[in-house]
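Trainee: Residue numbers (the numbering used here), protein chains in the order written: chain A, -15 to 108; chain B, 137 to 602; chain C, 212 to 649.
Please keep in mind that the hints were generated in silico from the structure rather than gathered at the bench.
Every residue gets a Cβ at the ideal spot worked out from N, C-alpha and C, and that includes glycine.
Heads up, none of these hints are tricks.
Heads up, simulated DSS-like pairs for lysine-lysine below, C-alpha to C-alpha not over 27 Å straight-line:
| hint | chain 1 | residue 1 | chain 2 | residue 2 |
| --- | --- | --- | --- | --- |
| 1 | C | Lys530 | B | Lys331 |
| 2 | C | Lys296 | B | Lys143 |
| 3 | C | Lys631 | B | Lys160 |
If you only want the chain C side, here are some residues facing chain A, beta carbon under 8 Å, derived:
| hint | residue |
| --- | --- |
| 4 | Gln520 |
| 5 | Ala521 |
| 6 | Ile526 |
| 7 | Arg527 |
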Amino acid sequence: MEHLEYQFSRSHEWVKEEDGLTIVGISDFAQNALGDVVFVNLPEVGDEVIAGEAFGDVESVKAVSDLVSPVTGTVAEVNEELLDSPELLNSDPYGSWIIKVENVTDTEDLLSAAAYEEYCETEA
Amino acid sequence: MKLVFEKSRPGHASVILPPLDVEKTELPESIGRQSALRLPELSETEVSRHYTELVHEVYGVNCGFYPLGSCTMKYNPRIDEETASLPSFTGAHPLAPAEAVKGCRKVLEEAASLLEEISGMDAMTFQPAAGAHGEFTGVLLIKQYHDARGDEKRRKIIVPDSAHGTNPATAAMCGYEVVNIASAPDGCVDLEALKNALGEDTAGLMLTNPNTVGLFDPNILEITRLVHEAGGLCYYDGANLNAIMGHVRPGDMGFDCVHMNLHKTFATPHGGGGPGAGAVGCKAFLAEYLPKSALMDGGGPIQVRGFAGNFLVVLKALTYILTLGREGIPQASETAVLNANYLMQGVKDVFKPAFDRICMHEFVLDLSDYKKETGVSALDVAKGLIDYGIHPPTMYFPLIVHEALMLEPTETESRETLDQVTEIFRKVREDGVREPEKLHTAPHSTVIGRPDEVAAARNPILKAQL
Amino acid sequence: MGHYLPSTEQERAEMLKAVGLSSVRDLYRDVPGSVYREKPLDLPEGKSEMEVSQYLRQLGDSNKSYRLILRGAGAYDHYIPSIVKYIPAKEEFLTAYTPYQAEISQGILQSIFEYQTMICELTGMEVSNASVYDGATAAAEGCTMCRSRKRSVTLVSAAAHPDVIATIRTYCYGVGAEMKLVPEKDGVTDVAALKELLTPDVASVYFAQPNFSGLFENAEGIIAAAHEAGAMVVMGCNPIALALMKTPGELGADVAVGEGQPLGMPLSYGGPYLGFMAATKKNMRSLPGRIVGETKDAQGRRAFVLSLQAREQHIRREKASSNICSNEALCALTAGLYLSTLGPEGLKEVAEQCLSKAHYLAKELSGIGGVKLPYPGAFFHEFITALPKRDAVLAKLDEAGILGGLPLGEDRILWCVTEKASRAALDKTVRLVKEVLA
Chain A
-15 MEHLEYQFSR SHEWVKEEDG LTIVGISDFA QNALGDVVFV NLPEVGDEVI AGEAFGDVES
45 VKAVSDLVSP VTGTVAEVNE ELLDSPELLN SDPYGSWIIK VENVTDTEDL LSAAAYEEYC
105 ETEA
Chain B
137 MKLVFEKSRP GHASVILPPL DVEKTELPES IGRQSALRLP ELSETEVSRH YTELVHEVYG
197 VNCGFYPLGS CTMKYNPRID EETASLPSFT GAHPLAPAEA VKGCRKVLEE AASLLEEISG
257 MDAMTFQPAA GAHGEFTGVL LIKQYHDARG DEKRRKIIVP DSAHGTNPAT AAMCGYEVVN
317 IASAPDGCVD LEALKNALGE DTAGLMLTNP NTVGLFDPNI LEITRLVHEA GGLCYYDGAN
377 LNAIMGHVRP GDMGFDCVHM NLHKTFATPH GGGGPGAGAV GCKAFLAEYL PKSALMDGGG
437 PIQVRGFAGN FLVVLKALTY ILTLGREGIP QASETAVLNA NYLMQGVKDV FKPAFDRICM
497 HEFVLDLSDY KKETGVSALD VAKGLIDYGI HPPTMYFPLI VHEALMLEPT ETESRETLDQ
557 VTEIFRKVRE DGVREPEKLH TAPHSTVIGR PDEVAAARNP ILKAQL
Chain C
212 MGHYLPSTEQ ERAEMLKAVG LSSVRDLYRD VPGSVYREKP LDLPEGKSEM EVSQYLRQLG
272 DSNKSYRLIL RGAGAYDHYI PSIVKYIPAK EEFLTAYTPY QAEISQGILQ SIFEYQTMIC
332 ELTGMEVSNA SVYDGATAAA EGCTMCRSRK RSVTLVSAAA HPDVIATIRT YCYGVGAEMK
392 LVPEKDGVTD VAALKELLTP DVASVYFAQP NFSGLFENAE GIIAAAHEAG AMVVMGCNPI
452 ALALMKTPGE LGADVAVGEG QPLGMPLSYG GPYLGFMAAT KKNMRSLPGR IVGETKDAQG
512 RRAFVLSLQA REQHIRREKA SSNICSNEAL CALTAGLYLS TLGPEGLKEV AEQCLSKAHY
572 LAKELSGIGG VKLPYPGAFF HEFITALPKR DAVLAKLDEA GILGGLPLGE DRILWCVTEK
632 ASRAALDKTV RLVKEVLA
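Chain A extracted, bound-state conformation (with noise of 0.2 Å):
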């Protein structure tokens, strides 16, 4: 299992900290269940996002997908290369992240790395 420093949600998110922010981007798990993303719509920086809740979409040809928040702060950064090139969470799904927050005030339960892998097992 690669991405040991990355935990995950189970809603499929993944999550890092560096530099003091918590980044979110979605999981290989997640791409491949969407198929080719073509668009995401993505949160504007100083907007809320609360842990659990919708921060945005992804959209395949005939499916949309929520992207829920695994965490409660303010959004520092968006990830706008996304905005032309949304296949980059097809190709590089861990490089690719959608959005860093700052201020975080409250965690989803995340899972490990491991036990995402698990997880991901049983929901297969």
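For this one, chain A is given, so just place chains B and C on it according to the hints.
Mentor: Chains B and C alone, transformed into the frame defined by chain A:
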């Protein structure tokens, strides 16, 4: 093929108008258009050829079998088109004095009274231009009713998970929270789930019956009773009305308002996506909330579009109803149901029906086992059917059945056609077993193969480069 | 009785037997007995095609047919080239479903793609959808797409069409958003009053160009005020006037909408008409309804598909911003065909004739004693007169087979002149008005 713009040549044109016979007025420059107007320049022959080329790349009901579930692609009689193109109707101005449009008013009155009888309702509006627009209107009747009573706690609309996407989207447009309830294993409403969802906050229920798996919910009277008991109202989505005309009426099942898709049940053509008409009927106690036009009627509680609606579509539907009449209307429905059962009987040993029992006017096939065996999906089968000259059924709907194909043959197909279609399904099934690759890449006989939808969505090109 | 069943009673009886049933009631066995109809509906007996045809012709004949229509107010009597009537009646165009199966629907998809291009060209906007129900719903959907979490109020010019205002109000009532009217002054939107109303919670401002009275609005003023306050602008426009007037694109509007009926659709007592909607690229994903995009198939052939579907109700369900799932495809095809037939010069000619003939009638009428033009502003093909004996004037015209303008208020008439009115017919109108007022 080439776009009309790519056929354009400077100076090609038709002469349509005589020269201006009064002095020319110019707009003040401050108001005037600054950019060039790059419309195509073509002679009439070129226009005619272009559209004839386009028409050759369209599959209509006149071309062959069109079993799109939930869409009721029945034959669209030409006489309906002829009456709707009479200049006495097409030339009528919606704001002409009442005396001058007696015929139009009579058309609307007569169509209303016939549709009230068919649906078991007391009043009708023709403003809504489509089924979804009718849903919006109908749920606004429910909203106004609760509002007028000051019953503000009713914030929720209950929708079964088998419903068309328009139902939850409509409830949201009307400011309601949507409560999705899971269907019972038989595809019908789960009474326990309904009871649990009902409460003081229930504004209403939106339901299709027969439902989207093609079954008539036998508990319908209990369902509407429970909703009423909780203080909610019942909305009937008339998408599947073609199954039951003359045999049972939404009004008698306990529904308070309904929309009817004139472009499905009453044989008006779909026009490649519209115009249709979503007539909305309601019981007398809701009639005061029906939409009116500010200009035509001097205003009313709500208005969902301009003027009186898609009048010509109503006229086509009236032509149809008058033709069929008392005996023909129920006969159309029972034949639609019979054809669906006959076809299901034929194809059920080809692909597994999701619910193997007497169906109404449509039924759903579940191809998930077949996909496991062969790797061939419902989409592949649908595309394979095209190569045999028929239109595919509705795919991947309802959402509660995996690998779903939904077939609605309608009453305007013959036994011979249904037998041939059964054979075609058998052949496609065999193709998938023998040569799955052929189906993965189907269709092969069409002007284009499967378009790259991912590229279309990632890099949208939504107009021509001029 | 007529029917469209390609089967005989005997065949149907055999089919019933084949599915193991013995009666029609068996097909409906899930219908509770207490509501199953044993008695026939109270409908008239069915008729033959000839009888129905004769009956409906008779109904049609009880409408009055006018030689000249000088009434507009949202429904415009333009000349429709012959080819524009015949091509949309081809059965494949007429009877096809929404083009979900792209491989056998390229004709419809391409016609919509061409229509979208033409709407962009007319409005000067970057993206167009495949159309919505009519001009009023296009305006209401346009206002809906501008709403956000932070901004929910819609401002609507009181000088807009009453049906459009009422429809926007209804859509706002639906979602529980507030709508406020911007008052009019001298027949046009009061820009000073608009500025007062532009609070930080305003999502959009709707106005029409030309407005209900036919007058050109101070579009620059309205748009600048809205944008300064951070609100978006939904601009309603007459598609024929767009051939001559500044486009929403040139003016910087965010969304352009309008009633497409003048583009080749007959009056038809109010419908079917065509709602067109176009927006800036930035707002592309907020557009409701169908949108057709160009792509390729596996062999690299040009292909058209319904695109950006993840915005729509069948995927987003309760999270979709609109429930619309059809467009007015055949009307969009008609509009594209109308514009292709007229071409750029032809459309300009129609617009110029409307403009010139309306001004001719306005000038001639205002030369009659007692007739006044209450508003000083520039107008397109509609204008208001104030005159005594309004009803007598309209009755006199009606007698002569002329549908006069729309009566408004006590002494006002809203006239509309299109290219169909000849100078002689307009002169006759003026003569008749003069007679009544003499």
